[in-house]
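2 protein chains.
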Amino acid sequence: MASRGGVLHRPNKESLIATSRIHQRSFGSTTINIQRNPSFSMINSDDINYFRDILDDNTVIQDEDRLSSANIDWMRKYKGSSKLLLLPKDTDEVSKILRYCNSRRLAVVPQGGNTGLVGGSVPVYDEVIVNVGLMNKIISLDKVSGILKCEAGCILQNLDSFLANECYLMPIDLGAKGSCQIGGNVSTNAGGLHFVRYGSLHGNVLGLEVVLADGTVLDMLGSLRKDNTGYDLKHLFIGSEGTLGIITKVSILTPARLSSTNLAFLACEDYSSCQELLLKAKRGLGEVLSAFEFLDTNSMDLVLDKLEGVRNPFPSSLHKFYVLIETTGTDDSYDRAKLETFLVNSMEGGLISDGVIAQDINQASSFWRIREGITEALMKAGAVYKYDLSLPVEKLYDIVVEMQLRLGSSAKVCGYGHLGDGNLHLNISTPNYDDNVFAQIEPFVYEWTAEHRGSISAEHGLGLMKADKIHYSKSTETVRLMASIKKLVDPNGIMNPYKVLPQSIYSP
Amino acid sequence: MASRGGVLHRPNKESLIATSRIHQRSFGSTTINIQRNPSFSMINSDDINYFRDILDDNTVIQDEDRLSSANIDWMRKYKGSSKLLLLPKDTDEVSKILRYCNSRRLAVVPQGGNTGLVGGSVPVYDEVIVNVGLMNKIISLDKVSGILKCEAGCILQNLDSFLANECYLMPIDLGAKGSCQIGGNVSTNAGGLHFVRYGSLHGNVLGLEVVLADGTVLDMLGSLRKDNTGYDLKHLFIGSEGTLGIITKVSILTPARLSSTNLAFLACEDYSSCQELLLKAKRGLGEVLSAFEFLDTNSMDLVLDKLEGVRNPFPSSLHKFYVLIETTGTDDSYDRAKLETFLVNSMEGGLISDGVIAQDINQASSFWRIREGITEALMKAGAVYKYDLSLPVEKLYDIVVEMQLRLGSSAKVCGYGHLGDGNLHLNISTPNYDDNVFAQIEPFVYEWTAEHRGSISAEHGLGLMKADKIHYSKSTETVRLMASIKKLVDPNGIMNPYKVLPQSIYSP
Chain A
0 MASRGGVLHR PNKESLIATS RIHQRSFGST TINIQRNPSF SMINSDDINY
50 FRDILDDNTV IQDEDRLSSA NIDWMRKYKG SSKLLLLPKD TDEVSKILRY
100 CNSRRLAVVP QGGNTGLVGG SVPVYDEVIV NVGLMNKIIS LDKVSGILKC
150 EAGCILQNLD SFLANECYLM PIDLGAKGSC QIGGNVSTNA GGLHFVRYGS
200 LHGNVLGLEV VLADGTVLDM LGSLRKDNTG YDLKHLFIGS EGTLGIITKV
250 SILTPARLSS TNLAFLACED YSSCQELLLK AKRGLGEVLS AFEFLDTNSM
300 DLVLDKLEGV RNPFPSSLHK FYVLIETTGT DDSYDRAKLE TFLVNSMEGG
350 LISDGVIAQD INQASSFWRI REGITEALMK AGAVYKYDLS LPVEKLYDIV
400 VEMQLRLGSS AKVCGYGHLG DGNLHLNIST PNYDDNVFAQ IEPFVYEWTA
450 EHRGSISAEH GLGLMKADKI HYSKSTETVR LMASIKKLVD PNGIMNPYKV
500 LPQSIYSP
Chain B
0 MASRGGVLHR PNKESLIATS RIHQRSFGST TINIQRNPSF SMINSDDINY
50 FRDILDDNTV IQDEDRLSSA NIDWMRKYKG SSKLLLLPKD TDEVSKILRY
100 CNSRRLAVVP QGGNTGLVGG SVPVYDEVIV NVGLMNKIIS LDKVSGILKC
150 EAGCILQNLD SFLANECYLM PIDLGAKGSC QIGGNVSTNA GGLHFVRYGS
200 LHGNVLGLEV VLADGTVLDM LGSLRKDNTG YDLKHLFIGS EGTLGIITKV
250 SILTPARLSS TNLAFLACED YSSCQELLLK AKRGLGEVLS AFEFLDTNSM
300 DLVLDKLEGV RNPFPSSLHK FYVLIETTGT DDSYDRAKLE TFLVNSMEGG
350 LISDGVIAQD INQASSFWRI REGITEALMK AGAVYKYDLS LPVEKLYDIV
400 VEMQLRLGSS AKVCGYGHLG DGNLHLNIST PNYDDNVFAQ IEPFVYEWTA
450 EHRGSISAEH GLGLMKADKI HYSKSTETVR LMASIKKLVD PNGIMNPYKV
500 LPQSIYSP
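Line order of the protein sequences matches chains A and B.
Reminder that position 504 of the first sequence reads as 503 in numbering that gives the first Met the number 0, one-by-one numbering, no gaps.
Reminder that position 444 of the second sequence reads as 443 in numbering that gives the first Met the number 0, one-by-one numbering, no gaps.
Just chain A, same shape as in the assembly:
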């Protein structure tokens, strides 16, 4: 199993208590009432013996300490009670495990780096945890086309380091890169910081090997940019959060690693300027634009307050909004001049009130630290209610304003995220967990998002947290077809139960 590395922050005790209470609330809410599915068997000593037979001894884990950390997510918000953690070393072992579990009706939760934010990668009850972290081999890299094949348990940052030597890079980049695994990234259709440049995993993943609930190995591990022979079934597994099978191998297109990266940190005084800046960046920086992120003044305030060593690039005052624009190209002096011209024009046009370009990699890291440190700062601040919304860009910040008005001084509402992709991370911070605040937030936040044809999960997935909320973003007919496909592929429902789809669809 992968270590959590230094990238992800462990919350302090105070916030643990707060988030743990939120968790109980999600379980006990009025709209969802998750009972253990009685059709699942309980694990017994024969089962353990079987797994000891087919797997190496040290990969059948019943040790309480190790189980304890596999049972809980990294935010310590969701906690299961699995009695068994399995660490298969190859596809054949995964296949044997699932075939057996299916025949015995033992429920299974697939696990990678366990860095998800919606409770998708930990058990709800006593599901068997199948962690693919030992399957971490790089299989091949086609040096002409940049197509990488690897096992699902490879850690994202390790893959990127490997590619760096070959002048390629991973098309996704996210805060959890030191811990998250590519199989989990694909299963959750991770987005991240470079989505605006390299696009979705649906565009970049070229092939998958997947083991289905009954142990069938689906070899869809093509390593071709184009393949129009029949239905492209790999897409079913991208973003299905382990509910349709376990991804064991991935083939992915990796872009050329270009030599020049520049980063600007800008201040805007209103949201419409941020929007116009985005439009101008898409046109004026066009081919070199590789990230367009934003944060609001509350987010900046929190980061400056809670994180040590973080400095405001514009120390004289707080601005209403901040934008990070990154460019990546092949010619440093030209790219830099281009960004400088863009800044000067934006300043003269009144779109930005201040702006600075990072002078070296250390300054660039310090700018990124502000954006990437928001999650950590929020967790240090107390209880946090996290929402990951996709909205039409022009409406994107309205929900932050409305929410702040709604909650008044009882909470601090922070809006930040991937503006270039229309993806808002809406985070509401309170000193302690508060029933009244929660009742003001939900279901309002979901209703508002649905009303504006947004998505209640842009990139985090539904997991356990939002399985019963799917109707806010998907039509009844679409959810019905999802359920039929789930039933077709996993008739006993053993794969990652209670997640993604609402329990009600399983009822007779």
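The hints are simulated quantities; they were obtained by calculation from the structure and are not laboratory data.
Treat each hint with caution, since some may be false.
Identical copies go unnamed one by one, so any copy, or any two together, can satisfy a pair.
[As the list claims (entries may be wrong)] Below, computed lysine-lysine pairings styled on BS3-like, alpha-carbon distance capped at 30 Å:
1. LYS486 x LYS95
2. LYS88 x LYS379
3. LYS136 x LYS95
4. LYS319 x LYS142
5. LYS319 x LYS95
6. LYS95 x LYS394
7. LYS394 x LYS142
8. LYS95 x LYS279
Model the placement of chain B on the given structure of chain A, informed by the hints.
Coordinates of chain B only, in the frame set by chain A:
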């Protein structure tokens, strides 16, 4: 119904006869024996009356001339015998048509611009033709994010012209753009000339509205860059060639239309130089590279011989390979200088033996005319056996060499295509159709491709032509799951029968 415009070439009589004989062969081959599915009803006067009731009079077509052109594909290679062409004007009409056809077990072939190359868009027997060409409205364009929503019958070129006014462009571009429709493009997962820059429709299509066989309207018409709420079912319909439903609306991400385009036409003396040039272009031109196409000496020879007004940019001699490199960026003088430097370096490094940059749009068009004219030149040359293969780039040209050796002087083997995507168009030209030549080509070409883990259809789809060849590129388990999904979504099998999946999977 869309006119065919001036882009697609109608073959001359000689090639018609030749290709028609190939078509009979595909029908009568030993591996496939397509019989009309006896479970389908024959259309009767009650059916016609029903359609006249629910549709406008002039959209229920029985006129022989109009039926005749809807029954045959543009290459005049595949010909059906439908007695009825319907032209619904909106989603509701499509839904009523399908619901009725499903209840009556009337088979249906969805049709758009009818520009496909594998017989996917015309009937095999008496299927009802449902052409969505009247559904050609642009619904909306989000000017900040570049997200376009439109009906399925919009012609690709019209969409691109509309977007040009808003500084956006369609992320796909292909020879048939004056006739093909966006619904058909999505149904066949069209690739085209700018794939190397903008990637696959699986990455660019953000939402679809689809009508299923039973008339259910699946509203998946999101217009968000990110949406991780459940299984992303739209991907099932991208590239399924109308066998799972009819696409009625499309939401697509369109990139910013950048102001500067430059085009170079280069000569290489061996294939390994072409490969190395690709690698250098990806790294050196990186962010501005927007096309990397190649053709071999046989292709060039044929174009110069058969097409009027086409000139060799290097008139002194024929080279072994030619490469077109297009760049698209925001700064014309810089982009041009960048391309010039790239050319000089490539020349000095011995990768190219000659090279020229288009001086104006007319010269650029004349260069593109060489690459885009190959299909037309081939059809003028006599019989042509067309294959659209995806292969690892390093192996891509080996099949051309092997095929020429295999066929000797009896045929002219041409290799060209989208080198940047590993997509080879292998075309074999003979003066007349020849059984012996055909027996030398198939199944060898499919076996060779499978052996090298290629795809027997990179971008054209399987259609009727290759439905029984799917096993060369997909595993048994994968095809079985495709068949289960087909059965789930279209239990009576009325949607575009005989296409994509082999008939054998429907047998009891």
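Task: Numbered hints the structure breaks, given as an ascending list - done: 2, 5, 6, 8
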